[in-house]
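Top line first, the protein sequences correspond to chains A and B.
So that you can map any letter, position 98 of the first sequence is 98 in my numbering, and since no number is skipped, the others follow by simple counting.
Counting from 1 along the second sequence, just add 1000 to a position and that's the residue number in my numbering.
Quick caveat, the hints were computed from the structure, so don't treat them as lab data.
Check each hint, because a few of them may be wrong.
As the list claims (entries may be wrong) - Only part of the chain A face toward chain B is listed, based on derived beta-carbon distances under 10 Å:
| id | residue |
| --- | --- |
| 1 | 3 |
| 2 | 71 |
| 3 | 83 |
| 4 | 91 |
As the list claims (entries may be wrong) - With a Cα cut of at most 25 Å, we get these calculated SDA-like pairs of lysine to any residue:
| id | chain 1 | residue 1 | chain 2 | residue 2 |
| --- | --- | --- | --- | --- |
| 5 | A | 11 | B | 1058 |
| 6 | B | 1068 | B | 1083 |
| 7 | A | 17 | A | 3 |
| 8 | A | 11 | B | 1039 |
| 9 | A | 15 | A | 102 |
| 10 | B | 1049 | A | 40 |
C-beta: ideal position from N, C-alpha, C; glycine also.
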Amino acid sequence: GAGVSQTPSNKVTEKGKYVELRCDPISGHTALYWYRQSLGQGPEFLIYFQGTGAADDSGLPNDRFFAVRPEGSVSTLKIQRTERGDSAVYLCASSRLAGDDEQFFGPGTRLTVL
Amino acid sequence: AQSVTQLGSHVSVSEGALVLLRCNYSSSVPPYLFWYVQYPNQGLQLLLKYTTGATLVKGINGFEAEFKKSETSFHLTKPSAHMSDAAEYFCAVSEWNTGNQFYFGTGTSLTVIP
């Protein structure tokens, strides 16, 4: 079956612009997670959804970052007024249920802020 | 709070030699532990996981890891390195009772010398 997909695979933007990153989880997975992986680092947790609601957004670095999952499937990570420090690979993962012992990761979106 | 420490950001081994990648964790509850591999420009792929039960777990591509509670370790080993093992390896911990977001180490880059 299809895995987690993320679009776009690459996004180049200018400082101060707004960007949206999309994640399509595995069908039927109720939990969805966003991570950010900076160069030379491991992925860092940003936010996770159980269904439509954000169950934990403690990893979002500031109020420029926001994520939604309005129908409990596709999720969009939104970044306002992008900064050069936002450049990273943004990873999405899903699991059947929150608390499941395995997450399935997408290939990521590489964001470059010039 | 959960955290993961991977000793050695770069490890080099000769082809056919033992691979040992170290991982220590901290967790306030019995953890779930994972090793993921990341090939260049690809997503994270699960190598193996420990949740409960047998402390020696076997994964794909001949890798295995042993959960040692007393040492808070989950080191990854492979008896004989292959050129195709060259990649970035990440250890991760999660706590099922907090939504299961993963906390990753900073990664170990494995080089295999022919």
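Here is how each hint holds up against the structure:
For the restraint placing residue 3 (chain A) at the interface with chain B, the shortest Cβ-Cβ distance is roughly 8 Å, inside the 10 Å limit, so the hint holds. At about 20 Å, the closest approach between the beta carbon of residue 71 (chain A) and any beta carbon in chain B exceeds 10 Å, and the interface hint on this residue is violated. Taken as an interface hint, residue 83 (chain A) does not check out: its beta carbon lies about 22 Å from the nearest beta carbon of chain B, beyond 10 Å. A hinted interface residue such as residue 91 (chain A) counts as satisfied when its beta carbon comes closer than 10 Å to some beta carbon of chain B; here the least separation is about 7 Å, so the hint holds.
For a cut-off of 25 Å, the pair hint linking residue 11 (chain A) to residue 1058 (chain B) is broken: about 37 Å separates their Cα positions. Between residue 1068 (chain B) and residue 1083 (chain B) the CA atoms are separated by roughly 29 Å; this puts the pair beyond 25 Å, and the hint is violated. Annotation: proposed proximity of residue 17 (chain A) to residue 3 (chain A) is violated, straight-line Cα distance about 30 Å (limit 25 Å). Pair hint residue 11 (chain A) plus residue 1039 (chain B) holds up; C-alpha atoms about 20 Å apart against a cutoff of 25 Å.
For the proposed pair residue 15 (chain A) and residue 102 (chain A), the alpha carbon gap of about 36 Å is over 25 Å, so the pair is violated. Annotation: proposed proximity of residue 1049 (chain B) to residue 40 (chain A) holds, straight-line Cα distance about 23 Å (limit 25 Å).
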